[in-house]
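Asks: So the protein lines, in turn, are chains A and B. The working numbering applies: residue 1 is where the first sequence begins, and numbers increase by one. The working numbering applies: residue 111 is where the second sequence begins, and numbers increase by one.
Rather than coming from a laboratory, the hints here were simulated on the basis of the structure. Please note: incorrect hints may appear among the correct ones.
[What the hints assert, rightly or not] Now the in silico label distances, taken between C-beta atoms and shown as ranges:
#1 B:Leu-178 with A:Pro-82: 39 to 45 Å
#2 A:Pro-82 with B:Gly-171: 36 to 42 Å
#3 A:Asp-31 with B:Asp-175: 29 to 35 Å
#4 B:Asn-180 with A:Lys-97: 18 to 24 Å
#5 A:Ala-110 with B:Ser-183: 44 to 50 Å
#6 B:Ala-182 with A:Thr-69: 41 to 47 Å
Yeah, the Cβ is synthetic: ideal placement off N, Cα and C, and Gly gets one too.
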Amino acid sequence: GESVGLHLPTLSVQEGDNSIINCAYSNSASDYFIWYKQESGKGPQFIIDIRSNMDKRQGQRVTVLLNKTVKHLSLQIAATQPGDSAVYFCAENIGYKLSFGAGTTVTVRA
Amino acid sequence: GAVVSQHPSRVICKSGTSVKIECRSLDFQATTMFWYRQFPKQSLMLMATSNEGSKATYEQGVEKDKFLINHASLTLSTLTVTSAHPEDSSFYICSARRLAGGTQETQYFGPGTRLLVL
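Next comes chain A alone, as it looks inside the complex (with noise of 0.2 Å):
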């Protein structure tokens, strides 16, 4: 079946420095897309949401990005602290189901 998948699984970033991770998703019906944070030992944390509709939503420090015709989703974290070393996952909705990609570990360098 079609699933969400990520680029890169791990990233390293220089404090301070804005932090890119790519996501590739494969099922042209999915509607939502939510991407999450995720700490050792923890659940996930929603950090943001965008919908089909949309091709880019900010929040504070992370900027979302759709593009639908390559069906290629990215969160870039602007300014990145050691706080957000973590693992982030992008989730595709279909239905009411998430579909999870395999993550991608970021690394914050002080």
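Using the hints, position chain B against chain A.
Replies: Same frame as chain A, now just chain B:
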């Protein structure tokens, strides 16, 4: 708002015993709750969807008699791992969708329960 709790946070049990995990939505009513399993360094895998007052819907490959789900109210769902074995050791996470939410409704996740079967 949108806080989901799980209890216990960590459990160690002997092989052959059953373990119950509770998932509660604390400040909202959840029409639907979901149970996921996550192995180390892997993604979340949906196990089942739980609707209040009806039978759970299990994903392919998940044994319904092994993982019993009860959704007793709009704020509580339980997962019971029956006759647990070491291969059931994992991180179990629940999530909840708000009542009257459409399909584009965010799922809010609990903190997870670490199960270790000896």
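Asks: So which of those numbered hints doesn't the model satisfy?
Replies: Checked against the structure, no hint fails, so every one of them is satisfied.
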